[in-house]
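Visitor: What follows is the residue order along each chain.
Protein chains: 2
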Amino acid sequence: MLLVADNIRITNKRIERAVNELNPAPIQEMARRCEAAGADAMDINSGPLSREPVKQMTFLVEAVQAVSDLPILIDTANPRAMKAGLEANKKVAIINGFSLEPAKLEQMLPLAKRFGTRIVGYLLYPNGHVPPDGSERLNVAVALYDAFRKAGLENEQLIIDPVVAPVMWQNGTIQNMDIISVLRTLPDLLGFDVSTIAGLSNLTSGQGDKEKKRLLESVYLPMLAVSGLSMALLNMFHEKTVRIAGVYNALINKKIFSWEEI
Amino acid sequence: MLLVADNIRITNKRIERAVNELNPAPIQEMARRCEAAGADAMDINSGPLSREPVKQMTFLVEAVQAVSDLPILIDTANPRAMKAGLEANKKVAIINGFSLEPAKLEQMLPLAKRFGTRIVGYLLYPNGHVPPDGSERLNVAVALYDAFRKAGLENEQLIIDPVVAPVMWQNGTIQNMDIISVLRTLPDLLGFDVSTIAGLSNLTSGQGDKEKKRLLESVYLPMLAVSGLSMALLNMFHEKTVRIAGVYNALINKKIFSWEEI
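Just so you know, the sequences run in chain order Y and S. Residue 1 is where the first sequence starts when you use the working numbering, and the numbers rise one by one after that. Residue 1001 is where the second sequence starts when you use the working numbering, and the numbers rise one by one after that.
Quick caveat, the hints were computed from the structure, so don't treat them as lab data. A few of these clues could be false.
[Said to hold, decoys possible] Straight line, CA to CA, 20 angstroms or less: simulated EDC-like cross-link-like pairs of lysine to aspartate or glutamate:
1) K255/Y x E1156/S
2) K1090/S x E1035/S
3) K1213/S x E239/Y
4) K254/Y x D1069/S
5) K240/Y x E1211/S
6) K1091/S x E1106/S
7) K210/Y x E1261/S
8) K1213/S x E1239/S
9) K1212/S x D133/Y
10) K91/Y x E35/Y
11) K212/Y x E1062/S
12) K240/Y x E261/Y
13) K1254/S x E136/Y
14) K1055/S x E1016/S
15) K1240/S x D1209/S
16) K1213/S x E260/Y
17) K13/Y x E29/Y
18) K1254/S x D133/Y
19) K1091/S x E1156/S
20) K1212/S x E260/Y
21) K113/Y x E156/Y
22) K1210/S x E261/Y
23) K113/Y x E154/Y
24) K1113/S x E1156/S
25) K1055/S x E1035/S
26) K113/Y x D146/Y
27) K240/Y x E35/Y
28) K1091/S x E1062/S
29) K1240/S x E29/Y
30) K1212/S x E261/Y
31) K1055/S x E1021/S
32) K240/Y x D1209/S
33) K1240/S x E156/Y
34) K90/Y x E106/Y
35) K212/Y x E1261/S
36) K212/Y x E1239/S
37) K1210/S x E136/Y
38) K1213/S x E261/Y
39) K1113/S x D1146/S
Just so you know, these numbers come straight off a predicted model, no measurement behind them.
Next comes chain Y alone, as it looks inside the complex (with noise of 0.2 angstroms):
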């Protein structure tokens, strides 16, 4: 399994004043910690970017470039600042993502075509909704394969987000036994084995104790492992968390164990 860092995200106030301000250096200290946290990927979650979106994205992408190797998962819902950050991506770069929503439909989707590069797709309803169980989430997952292939992509390309859902949700916990069951199905009911990926951090989103939440982390992420998910997408500075993905990979490591790994 790999580690997609969540933490450059607009949500963070310090991200937020680099991004308005243009100034590199937050957000390049930012990735350099993630990096050396573990992290695989980097999830650039700039959000809607209204103001500027061409020249924000463009200095988003370029200021984690220029300090870091990893793929970068462009995270947008802005159809122009993804395809200002795709030109301005010099490694590998993933969108993030598509839906059956009939916007990201018709805008993202052909991106992925454009630029070839692998597509994030969510199981949500086309109004954007959480599917109410685990065969819905599987029927919206065919509809979306559907429409990707109608697009003239590759199944390589196509990476599964079935969309954890908060525990503190009325039907939090039923659901997210459901995205179990959908990330076992998958393989089978698309005939391939589907890359997905998962955001941990919507599991504990809400009110609740820092601790507690870590725990609930540290247990989901295995199960979801175990299931198929190929990516966690995860706050690489919750360490407890990320030594649990170490410990899962050093469990599931087909070479001779070894204590030192761990």
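Using the hints, position chain S against chain Y.
Guide: Chain S alone, transformed into the frame defined by chain Y:
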């Protein structure tokens, strides 16, 4: 997932001395502590009790059941001790266990029929060796189930133990991933929702740093659990591991999640 304490075991010097002296106090203290730590059942691992099997097992079962109403797993390879334990039992007892070893088939299985108890079946070859891979483990499961049914037992009486491998074994990590697929496959293979148990302490037996051992347990436990494990046999004094099991149970709960539960 239920937790079965593996603490009452003859390899613990205090327990060994208490059995030899027929002194119930240390055993009862252990039983009370396991129950307070959240055990749902207690394994009584007496070893072969070669000197006085009947007297010593009767003593053990009576000592535990004088202070605890929890189900007990009577864990001995000695059929005389097993029979004595089952006769002394006043609550719920489970035979731990049998395998394809001829002596076990001849002497343990009939006891499950005679006393109407559940029985743990180990996925081991007739010579007691561990099968080399997942598909061989499944072959053994079919043979084991066949022998079990021929003994006139009902499906609900069977509990399968896939035999967790020490990670330090040359192919330990591979075997433990095989066990994950065995757990997922067993219900389809046998055609009913078969109960399962796994000894978590096996995973980290041998040399190794204690903190790392606990970490490994806390990652492998949710992996086993989400793959269908019904009962984990573990040291109830490994507080972090027990807490992980509680968090897992809260995460799969179909009630509304509450931070107070974990």
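Visitor: Could you check the structure against the hints above and give me the numbers of any it violates, in ascending order?
Guide: 1, 4, 6, 9, 11, 25, 29, 33, 34 and 37
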